[in-house]
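**Student:** Listed below, chain by chain, are the residues.
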Amino acid sequence: MTELEARKFADLEAIRAPTLGGRLARWRTALANAWHELRKSRTASIGAVMLVLLFGACIATPWITTYDPIKQNYRERLQPPSEKHLLGTDRMGRDIYSRLLWGGRRLVTIAILAVTFGLSLGIPYGVLSGYFGGRVDTIAMRFVDGLLAFPGLLLYLLIVTLAREWKMEGIYNDMVLIFALGFAFMPEVARLSRGSVLVEKQKEYVEASRAVGDGSLAIALRQILPNIISPLIVNATVRLGYVILIVAALSFLGLGTPPPTPDWGSDLAAARDYMETAPLIAAFPGLAICYTVLAFNLFGDGLRDILDPRLAER
Amino acid sequence: MTDEANKKGPESTRREFLTATTALAGAALTAGLPGPAAAERKRNPKRGGTVRFGTRDDSVGLDTHRNFIYFVSQPLAGTTGGLLDFDAGMNIVAAIAREWEPSKDLKTWTFKLHQGAEFHNGETIDANAVKWNLERILDPKIGHSFNRSALTDVDRVTVDDKWIVQVHLKEPSAAFDSNLVYYPVNLIAPGAVDKADTAPVGCGPFKFKSWKRFDICELVRFENFWETDAEGNTLPYLDGMIGRPKKEDRVRLTALRANEVDLIDNMAYADAPSFIKDSAKVYDTYPVPQVGTAMITFNMRSGPFSEKDNPDAHMLRTAAAHAIDHEGIHEAVFNKQGKVAKGFYSESSPWYGKDIKSWPAFDPDKAKALRKKAKDGDAKLLIIANDSFPYMQQSGELVHAMLKDAGFNVTFEIHPTPVIQDKYNKAAFDIDSTANSYRIDPDGWYSRNILSSAPETKRRIGYVNEKVDQLIVAARVELDKNKRRQMYADVDSLVNQDLPLLYTHYVSIIQAGSKKLKGYKPAFTGPFQYAGGGLRTAWIES
Amino acid sequence: MLAYIIRRVAYLVPVLFVLTLVVFTFVEMLPGNIIDTLVGNEGVNDPEVRKILEKEYGLDQPVYIRYAKWLFRAVQGDFGMSLVTRRPVAVELLTGIPATVYLAVVGISLSMMIAVPLGTIAAVKRNTPIDYTAQVTSLIGISIPEFWFAILCVLFFSLYLGWLPSSGFANPFVDPWASLKFLILPAAAVGFRQAAYTTRLTRSSMLDEMNKEYVDTARSVGLSEGKVIFKYTLRNAMIPTITISGLQLANLLGGTVVLESIFAWPGIGRAIFEAILQRDYPLVQAGVLVLGCIVVVMNLLVDLTYRLLNPRVKLG
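Protein chains in written order, with the working numbering: chain E, 1 to 314; chain W, 315 to 856; chain U, 857 to 1172.
The set of hints was computed from the structure by calculation and includes no laboratory data. Nothing false has been slipped in among the hints.
Under 10 Å between C-beta atoms, here's a sample of chain U residues computed to sit facing chain W:
id, residue
1, 892
2, 908
3, 941
4, 948
5, 1014
6, 1021
7, 1117
8, 1120
9, 1122
10, 1130
11, 1135
All figures in this text were calculated on a predicted structure; none of them were measured in a lab. All residues carry an ideal CB built from backbone N, CA and C; glycine is no exception.
Could you build the full structure based on these sequences and the hints that come with them?
**Tutor:** Pasting the structure below:
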């Protein structure tokens, strides 16, 4: 059969009450479709390649950096790219290339953990709230709306300022930042999940399951979740890019980790003083941020094209 | 001010003053004395204009008692005036008080006011007004701690006569008069106190017109200012001043280049060398050698650097001092602007001490060895810095790196002021990368931050050395300037040995202005207006 | 419809309550205190001074009482005095909010003037080079950090070319020409990212519309392509675009903090940021409350507008 037919078949499968075998078959066709789409979709492929490079660099950092990123050498300040220093040195004589790599590793890790944490908080919150409805739903959503009413960066500002002052002994400092970012991101996830749940709740297969006699929680988890995963995954991928921009903006404002830890945002802020004398120092962290966010956005776009069949004709 | 007076210093100037004024020949010594009669006040016909002044800082509020009005970089400081003034060499000269002298026991200071000096709204500055001002500043609900700290020694203020004020101190002090210059003890009009937060009325060379925080501060010339130039024209020459606060160094410099402002109070160290070189034809630069002194202080109240908790504390502090390369700070933080600090006062200051024994030289091997030997050499250490000052942060960063190289287990944190204050209170740090403003009289620095019984010393450093205490207390009541200077130099020698703190660098700034601005030169510690100079004698060439 | 509106408005109250509670809690938890700054080196060994100041600023009372007092006054419109400037908080807000709104509105307007035509053309000429260019540039546009773009703009237009001032602000009612000069770079920095986002949005909603049945019907009936696009498709596609832009506008009010710092723009974002650092509780709370109000009200308006324009969507 043609691809289109295969996909339609997979959709039909989703509507029918699935047995375990049926469900597995559905997933298998879905995955096969996905891989095919991935290779076909230009945006997703490019994004995927960029991401692979990015993750590769992050993982390989300890082996591919040339210098200790915090080792300062004031005799070699503000040097342009050379053989010795691939991308030059900053105002304290530190190697920019190494700083970018370590900074990226940290930033990407924080972003992924923060988004994961946000998802793990927000999805149950939203799904359960949407499923149970009524009073529970109203109160839960009001709390979330209260958090969502913070315009722009303000909630992040407050939380991160607070997080900076909480130093828990023996725990990796950035954990608090991760929790803070995840918590700030949770309301959107909750809203999205709840919205999807509300839509799904009205669909036929939920009625069907109820008629058959499945328990309410079981219904929520088994039936609804797989159907709301798609928009959430796309949202999460794009959200990763956005979180990176936010963290960079916050470090730029001075709310990041204190020097000398490598950090793209604060390196950019420090570079402002040298815009005329050594503009490249400001160029590299900025380009790094662009690349990373672009990678996530491209891949997220591609994912959206793949996972949401309605848009497949684009 | 004659050259003679400049060389001699405060108390000699004061004595000349007293003799001169008793002969009613005040105008012969000083270029400007308060009080030409209203009919005689005239303006210099050729000099005027409005200067647009780009500053790093802006006032937090308009009440000059409640808020710390920084006289180097806040335009509002142009409205402030006080009992005394200082000149370009930071010598104390007369202002509203035309003569002053201490009693024999140095516990009572008598100030004779000029009769007829006015506030901006025309109110007379008489003894009662002065008393009211001093008491207002001393009120903890009103006076900012910095302003109040200038008057901590004051026991009470009495009014003898319409024009005579007496200040009674708790402890004798030869240096008290230096606290009464227009900053921080400025005088405001008692009759306008209800407008102090909205339209302040002071007695300085400029009158308040309007203010929008971080945006603009407009001042106009005060026609009845007491000071005149040598020809009898009243100062200031300028018609007004427009203050444009621009916090970012780069933004300020660009504003100067784009002709949005005529004068800036500071530029980033990174920009200084190229600016001075490239713009010499179009702009004047005014280097200010010492606006303050940067240093790192050790927490001797508790922790590895405290003798209480660690018998090898001194060894550890010495190890840390050996690890620090002052040249590195000079290059990387201050971009070679200004000089490395061996004591509190730089060479440009009249209080510069010549033979101060130096702090431990940069010797990384010795640092490592001593650190290994000392007890608690591996202890976790915390370096803190205030986020308001880039050079404090950058010095902290550099010190952190240097100490790490010597094997110290250090972390570095930057915090806003309230948190820093909290950490001081709780002694929750080990090293503080900080600085202190230039003090017109050394007593202002030493008796507040080095003397063991001072509250601030107890809080931030916890240093106790009897010899040091003796020297500081004696210097306070010593009238001979040379002897005083030597005593403070001896204190610094001991400080450089005991290492409660390590002086690092003098904080210099570079002011710059368009060539249209004439007759301007900042005082050597940065104030943009002072007796006989600065913006008081500047004008814009059209 | 009316009942729906009333219900939604009533819904706002607890939302705002949660907002203020969250802000209050967070700011309370921050270590360091305005008293610490005020007391300086005097109050450490003198608890009397500390006590006097605490009483003066009302900081000697327990947290919940302070919150209750603040809330009681706030609903009557009294936001108290800023702890730092000692002027009424309302004054600070009145200066800051218009400045931010000015910047945000101009930025979004500029962005829509570019994005809507671009997105439309990209949709109409799908899969042509124009479309690809638009897609690529807008994708890159949402990936560039705003503050980096702002710095680059300043570097190029201010330092290098000297055409525009690098920072500052002028009141448009007082000096419109100067105000314009100061406005261009910040508005461009705000606008370019919005433009990228809106282009993508416009393009995808246009594509959505163009796929609908009525478009084919209209074409088959004989209407010209131009009429089909401009009279019908575009108008319908604009609904989600405009509504989401409305949400973006509300979001910008607190999102311009970084740009306001870079361009020394006296907006409310920067004011709140500094207030947080200085522990100026009344300003932070009042600022977040007012901004939060604006956000939720705008959300509500957007929602209502959307439902009005798109009668097929069910209410409730």
